[in-house]
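For the record, in the sequence shown the residue sitting at position 9 is -7 according to the working numbering, with numbers rising by one throughout.
Some clues are possibly wrong.
[Unchecked claim] Now the in silico label distances, taken between C-beta atoms and shown as ranges:
{"no.": "1", "residue 1": "LYS(-3)", "residue 2": "ARG22", "range": "15 to 23 Å"}
{"no.": "2", "residue 1": "ARG22", "residue 2": "GLY(-2)", "range": "17 to 25 Å"}
{"no.": "3", "residue 1": "THR(-13)", "residue 2": "ASN14", "range": "24 to 32 Å"}
{"no.": "4", "residue 1": "VAL(-5)", "residue 2": "ASN20", "range": "27 to 35 Å"}
{"no.": "5", "residue 1": "ARG22", "residue 2": "GLY(-4)", "range": "27 to 35 Å"}
{"no.": "6", "residue 1": "ASN20", "residue 2": "GLY(-2)", "range": "28 to 36 Å"}
{"no.": "7", "residue 1": "THR25", "residue 2": "LYS(-3)", "range": "13 to 21 Å"}
{"no.": "8", "residue 1": "ARG(-11)", "residue 2": "ASP10", "range": "15 to 23 Å"}
{"no.": "9", "residue 1": "LEU23", "residue 2": "GLY(-2)", "range": "26 to 34 Å"}
{"no.": "10", "residue 1": "PRO(-8)", "residue 2": "ALA13", "range": "28 to 36 Å"}
{"no.": "11", "residue 1": "ILE8", "residue 2": "ALA(-14)", "range": "25 to 33 Å"}
{"no.": "12", "residue 1": "LEU23", "residue 2": "ILE(-10)", "range": "12 to 20 Å"}
{"no.": "13", "residue 1": "ASP19", "residue 2": "GLY(-2)", "range": "28 to 36 Å"}
Worth flagging that the hints you see were computed from the coordinates, not collected in a lab. C-beta: ideal position from N, C-alpha, C; glycine also.
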Amino acid sequence: MATTRIMPLHVGKGRTESRAISDIIDYVANPKKTDNGRLITGYA
């Protein structure tokens, strides 16, 4: 069973909102962590 943790986005330290979001998406979509994206799913 997996768990999900919601963490706030930190825009400070000279980062814009778009840069913070981009960095976070790059981090969570890391191919090494997600079996080359196979473990990434979403519901719309």
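LYS(-3) and THR25 - C-beta distance against the hinted 13 to 21 Å: With a Cβ separation near 31 Å, THR25 and LYS(-3) fall outside 13 to 21 Å, so the hint is violated.
CB-CB spacing for GLY(-2) and ARG22 relative to the 17 to 25 Å hint: violated (34 Å)
Satisfaction of the hinted span 28 to 36 Å by the C-beta atoms belonging to ASN20 and GLY(-2): Given about 32 Å between the Cβ atoms, the range holds.
Range hint compliance [Cβ, LEU23 to GLY(-2), 26 to 34 Å]: holds (32 Å)
C-beta pair ARG22, GLY(-4): status relative to the range 27 to 35 Å that was hinted: holds (34 Å)
Status of the given 15 to 23 Å range, CB of ARG22 versus CB of LYS(-3): Hint violated: Cβ distance 33 Å, outside 15 to 23 Å.
LEU23 paired with ILE(-10), Cβ distance criterion 12 to 20 Å: At 18 Å between Cβs, range holds.
Distance restraint evaluation - VAL(-5), ASN20, Cβ atoms, bounds 27 to 35 Å: Once the Cβ atoms are compared, 30 Å apart, the range 27 to 35 Å for ASN20 and VAL(-5) holds.
Beta-carbon spacing of THR(-13) to ASN14 - inside the hinted bounds 24 to 32 Å or not: Hint violated: Cβ distance 18 Å, outside 24 to 32 Å.
Distance restraint hint 28 to 36 Å, applied to the beta-carbon atoms of PRO(-8) and ALA13: Distance hint for PRO(-8), ALA13 is violated at roughly 19 Å.
ASP10 and ARG(-11) - C-beta distance against the hinted 15 to 23 Å: holds (18 Å)
Verdict for ILE8, ALA(-14) (Cβ pair) under range 25 to 33 Å: About 18 Å separates the Cβ atoms of ILE8 and ALA(-14), which means 25 to 33 Å is violated.
Hint violations for this structure: numbers 1, 2, 3, 7, 10 and 11, all remaining hints satisfied.
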